[in-house]
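Q: In case you want the letters, here they are:
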Amino acid sequence: MVRRHHEVRRSAAALSGALAVTLLLAGCAAERRTPAATGGAAPGVTATTVKVGGVLTKTSASGYSTKDAEIGARARFERANAEGGVNGRKIEFVGAEDDGQDAAKGDAAARKLVQKDQVFALVPVHAPNFGGAAFLEQQGVPWFGWATGPQWCGTRTGFGYNGCLAPRKGAGSQTWWGRQMADLLGGAQGKSVYVQTTDSSGSKYGGTTISQSFAAAGFELAGVNSGLPAAAPPPDWLPYVNKIMTSDGGKAPDVVVSVIAGTKFNVGLYSALKRAGYRGVLTDATSYDAAILKDPASAQAMEGVVAAPMFEPFESTAPEIAAFKADVEKVAPGATLTQHMAIGYWAADIFLDLLAKTGKDLTREKFLATANGGYSYENAGFGRIRFPQDHTEPNGCGALVKLEGGAFKVAKSMKCFDNVPLR
Amino acid sequence: MIAGYILSGLVTGAVFAVMGAGLTLSYAATGVFNFAHGAVGFMAALLFYQCDRAGLPPWLSALLAVGLFAPALGYLLHRAMFRGLARAGETAQIVATIGLTIALPALGLLAVDLLGLPPADATALPRGVGPHPAAALDVLGVRLDTDQLITFALSALTAAGLWAFLRHTPYGLRMRASVDRRRLATLRGVDVDATSALAWMLGSGLAGLAGVLAVPVIGLDATAYTVLLFASATAAVFGRLRSVPWTFAAGLGLGVVQNLVAGYTDFLEEVTGLRTAVPVILLFAGLVLLNRSRERVAGSTAEDAPPPDHLAAVPLWRRRLPWALALAALLAFTAAGPEYYVGVAANGLVLALIFCSFVVVTGIGGMVNLAQASFAAMAALACGWAYASGLPFFAAILLGVLAACAVGLLVALPALRLGGRVLTLATLALALLADQVLFQVDAFSNGTIGWPLPALSLGFADTSDPRVRVVLLLALVGLAGLLVRNLERSASGRAVLAVRSAPAAAATSGLSAPRAKITLFVLASGIAGLGGVLFAVSKESITATDLPAFSGFVWLAVVVLQGVRRVGGAVLGGLVAAAMPELLATWGLSAHVGAILFGAGGVVLARHPDGVLAQFAESRHRRRLRRQERERPATPSPAASLVVEEPADRASPAVEREEPVLFRLENVVAGYADCTVLRGVELSVRPGEVVALLGANGAGKSTACAVAAGDLPVAAGRVLLDGRDVTAWPAHRRARAGVLLAPEGRGVFPGLTVDENLRTWLDDPAPAYERMPQLAARRGVPAGALSGGEQQLLTLAPALVRPPRVLIADEPSLGLAPLVVRQVFEVFAELRERGVALLLVEEKATEALAVADRVAFMRLGRITWTGPRSEVDADRLTAAYLGVS
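The listed protein sequences correspond, in order, to chains A and B.
No gaps in the numbering here: position 115 of the first sequence is 115 in the UniProt record's numbering, and each next residue is one more.
No gaps in the numbering here: position 345 of the second sequence is 345 in the UniProt record's numbering, and each next residue is one more.
So that you can see chain A by itself, here it is in the shape it has in the complex (with noise of 0.2 Å):
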């Protein structure tokens, strides 16, 4: 027994020995180690290519998914590379990686692709849970997406195709969401709307941006109300219904304003409104989606329904429209259009833009400072976008469609409105 605890204090004694060792066999090989890209060529940069790859959410516990978005982006790299390329360089798209709407998934995902694959920048992200802000900007690693949440916003690094949607309060919150739509109905005087979210602090946030967005145009606000559980529908809607309903002193409100992502959520809504008698106008930014018209209860649910995407609608008449159109099928043939398509291709376009404003000397130092330099640029597809100034704000444009007899319209194309700080 005295033996074997010897032995045992011998044994940590000899562990700890070796780690102190290993340690500063450590210590010295980072030491040695210089950091990484020290002049010369930028990684993922050749005579004739630049690497980029994404991160996408392309499965999720919940379903998900913005797969889709890989396919626009290779479209218009596609486009890009027919074209002869960029300064003489083609693109070399890697594709997308998956995060699986987890935050450190996505951040190994950018360091995959940083670290490993070599990517020059990061084309397209787009996930909502995106973990791989803090090492993309500390690496002075350019990324292009969609910027939903607060970890693209006040970066140098993160550019959202149209500017940072989640601006810290004083900074500019939309508004065209409300002056379209004041448009749409001639005028928002004496109209009162409805704000709907979920019990969760992303989707409460976007009722604060929304309804200032409504209320800057002119509606008269109702109610905002953030009840709904966030992780899965609720199986009884009329609760929810009845405020909904008696908000308007009473009476039901003009407009209801839907600020929840998920088709099922949405549909469930609707057509609990609906069977209440609902007659007013619906909205949201999420239903844009051809697929919902597939199956005939949400098709009947979302009827007349006033979606508003961040883009110029796919039955627009716009050239860009059409290219964007011509180029999807070249790599995707048949393949329904969907809005992650959509921000996936607007997101590689800004990318080419800033590329061949860099210039042939190309380096992450040099793009980054041409972009964040005063950057600007107009296109029918997504409006425009500034930087830096959208580094902190959106871009301030939107579309209108409306769900009408079974098939999308353009009810208001692609427009950009001045943005007001947001409270």
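Treat each hint with caution, since some may be false.
[Stated by the list, open to error] Within a straight-line C-alpha distance of at most 20 Å, the following computed EDC-like cross-link-like pairs (lysine to aspartate or glutamate) qualify:
| # | chain 1 | residue 1 | chain 2 | residue 2 |
| --- | --- | --- | --- | --- |
| 1 | A | K274 | B | E339 |
| 2 | A | K116 | B | E339 |
| 3 | A | K67 | B | D113 |
| 4 | A | K243 | B | E871 |
| 5 | A | K67 | A | E92 |
| 6 | A | K116 | B | E582 |
| 7 | A | K243 | B | E270 |
| 8 | A | K366 | A | E137 |
| 9 | A | K402 | A | E315 |
| 10 | A | K116 | A | E137 |
| 11 | A | K204 | B | D266 |
| 12 | A | K274 | A | E303 |
| 13 | A | K169 | B | D442 |
| 14 | A | K402 | A | D295 |
| 15 | A | K204 | B | D442 |
| 16 | A | K169 | B | E270 |
| 17 | A | K204 | B | D764 |
| 18 | B | K844 | B | E871 |
| 19 | A | K251 | B | E270 |
| 20 | A | K51 | A | E78 |
| 21 | A | K51 | A | E92 |
| 22 | A | K204 | B | E270 |
| 23 | A | K243 | B | D266 |
| 24 | A | K360 | A | E83 |
[Stated by the list, open to error] Per the computed footprint, the stretches of chain A lying under chain B, defined by three or more beta-carbons under 8 Å from a beta-carbon of chain B, are:
| # | region |
| --- | --- |
| 25 | 107 to 113 |
| 26 | 134 to 143 |
| 27 | 200 to 214 |
| 28 | 267 to 276 |
| 29 | 295 to 309 |
| 30 | 328 to 337 |
| 31 | 371 to 384 |
[To be verified] So these bits of chain B aren't anywhere near chain A, every CB distance computed over 10 Å:
| # | residue |
| --- | --- |
| 32 | Y5 |
| 33 | W59 |
| 34 | H132 |
| 35 | I218 |
| 36 | G253 |
| 37 | E269 |
| 38 | I449 |
| 39 | A491 |
| 40 | D674 |
For the record, the hints were derived by calculation from the structure and aren't laboratory data.
None of these values were measured; they are calculated from a predicted model.
Just so it is clear, CB atoms sit at the ideal spot from N, CA and C, and this is done for glycine as well.
Put chain B on the given structure of chain A with help from the hints.
A: Chain B only, in chain A's frame:
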């Protein structure tokens, strides 16, 4: 309005009720709490959707999914997993079903991918069983749709059917009997295995029904089904995990409460998530208030005996060698490997550090904590918040770890009162509360953006370099290892082990169970917290969604799969968890495959509850044993005792000639695990004969009874009934063949009524009442409420009406009044007249000797003397009991 909320809440509650009823039913009947119950519902809903999309009519799709697929899945899981789990420890049970929660939906979604079926994601908009789109109807002034009406009608039908099944069919009676006393049910001829299979099929069918009914509302979303499981778990908890009717009622009530909360609590709107969390809060309250564990205290898992240390004989250096080599290889890789992969290894080691907390709380303490991810997140967020508020970095880290410790302390307090699964459910509720409420507080988590953190500087290098992280983490994991070892070897560690394996004994030895448990919980939370802070430091930021509660489940599955009793398992688990996504990506496999692999670990666990590392050691041990066996020259087995070869049976040749032997134990060797109790027992009983088996406490009498009834397998020897070898027959089959054991203590089902108790052996209990009128008066009373004497009569009454061929009575007079004892022995005398072969086992000889024809003395697992009653005198008795001859 309030009436409307209540009515429409009942409809919602119907889904919770159906799912909760399945949960309670399967738990009560099998002892396994199925965390994967929601996942089964998801699978049924998925199949329903796919059948519907394939063009089948909805009623047929629903019938296929609920009536065929879900029960079949239940049966399959029973065969593959649950059957083995019923005998595994509690930890393995919990982890295995959690693994299943992860694996089942992944399996379904992978199948959908591979077969090219319509995708089951957010774009899938499944319909209900009723008309599509659902039509609206006015019921009592409330507007409902046809789907809701169908849900309510089907739930009501299910409730009625379930009640009728459980109360009025023999299957239901058998199921309730095996719920009440599993072992006794076997002895009454109930095939407990078949009953469990039935319970799983029914439970899965109910889950499937709830899944299909819920799918038009919540969509095909596996997470939503997990949420549904929590709501129904709340209902099951209010049914105390035993009562199906109460579970049903609680489910309905929960639906109403949710509606009322949604309708009338706008004042709670400021606290984000609080209203969503109402079922979770109720779950927590229900657990703390209602579910005090009756058998065991505070997560002490007595059946979780530590596995034998198969490597004990191996020299220390040889034990350490593989780990030393692996460490050297890891360090070499760190020095020379590409930065990205070193970073992956560093992430694996962060996880390993967090996993060390499982070793402390589960491996040593025997408690299962599902909130470990929340502890890590809490510590990291607290650290980030403190650093952002201007505290020095090291102080912020310390504060984060202390915050985790403090929360651990808070959880440990209710843990003192709760046992096993209840504690696990409570930690689960806590994890969900943290996710849904605490982490939604913007001031704490800084919204969705979280807190940035700097790299940790060690003076000569900092943690932005993954090499430094690997070495730092190795040092910390090494420290955690030393801590765990000291914990196991120190006085306090031994106290913890004592509390775990025998709480009552530990308490009487003056060990404080609460203090030991609090220490463990707080220590584990601190380790998890440190791991969480390092997670944040290596990522250089932390957000509230980085470490979701659900990842804690996966972690637990990974660690337990590797072996939760040693730090080695934690390290291996961490590295595996970090490397798995890389490997899947490299091989181009779907992420579902990883989930399926982790979940499939549950099946492995059902067989090897101590994980793969212990499994390696054990198979090595077995190999060595076999080798030794071969090398040893053939010698007669030491167990085959020679003493018994000369049984004194021949002393009564007269009896032998009259009747052939009906029941016989032939040279039986048996025992428990490594401890042999019976060392060659030879015993026979003839029809119409009473054999008294006498012996001192510990002689092996009850073990002999168990072997005779088939309750305990034999290692050698045979059991013969009427000349047929029944050694391999399970207990229920022997009972059906007429071998009835009245076990030590009382052989009644305390939760069943007197009437139902009789029905477990008799088709019609009326004759039993004629024989024992005192029972007839109490036919509707639960047997547990009878006096000891009445219980013993109730045990024997069925035998009087339908006499078995062999009756084995283990200590039938124990603790009974003399008057009752006489009555009991009158029953034996009558049975002897009717030709039953009786084996009476008694410690007190007087009564048994009065009725016995022959007597067998037992001592130290052997029959030392057998002979006719007439040859027994005081000297023989003394010799038998004192072991002198």
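Q: Run every hint past the structure and note whether it holds.
A: Now the hints, each set against the structure:
no.	hint	result
1	A:K274 / B:E339	violated, 57 Å
2	A:K116 / B:E339	holds, 8 Å
3	A:K67 / B:D113	holds, 14 Å
4	A:K243 / B:E871	violated, 92 Å
5	A:K67 / A:E92	holds, 19 Å
6	A:K116 / B:E582	holds, 11 Å
7	A:K243 / B:E270	holds, 17 Å
8	A:K366 / A:E137	holds, 15 Å
9	A:K402 / A:E315	holds, 11 Å
10	A:K116 / A:E137	holds, 17 Å
11	A:K204 / B:D266	holds, 14 Å
12	A:K274 / A:E303	holds, 10 Å
13	A:K169 / B:D442	holds, 14 Å
14	A:K402 / A:D295	holds, 17 Å
15	A:K204 / B:D442	holds, 11 Å
16	A:K169 / B:E270	holds, 18 Å
17	A:K204 / B:D764	violated, 65 Å
18	B:K844 / B:E871	holds, 18 Å
19	A:K251 / B:E270	violated, 25 Å
20	A:K51 / A:E78	holds, 13 Å
21	A:K51 / A:E92	holds, 5 Å
22	A:K204 / B:E270	holds, 10 Å
23	A:K243 / B:D266	holds, 10 Å
24	A:K360 / A:E83	holds, 16 Å
25	107 to 113	holds (count 4)
26	134 to 143	holds (count 3)
27	200 to 214	holds (count 5)
28	267 to 276	holds (count 5)
29	295 to 309	holds (count 6)
30	328 to 337	violated (count 0)
31	371 to 384	violated (count 0)
32	Y5	violated, 6 Å
33	W59	holds, 17 Å
34	H132	violated, 5 Å
35	I218	violated, 5 Å
36	G253	holds, 14 Å
37	E269	violated, 6 Å
38	I449	violated, 4 Å
39	A491	holds, 14 Å
40	D674	holds, 23 Å
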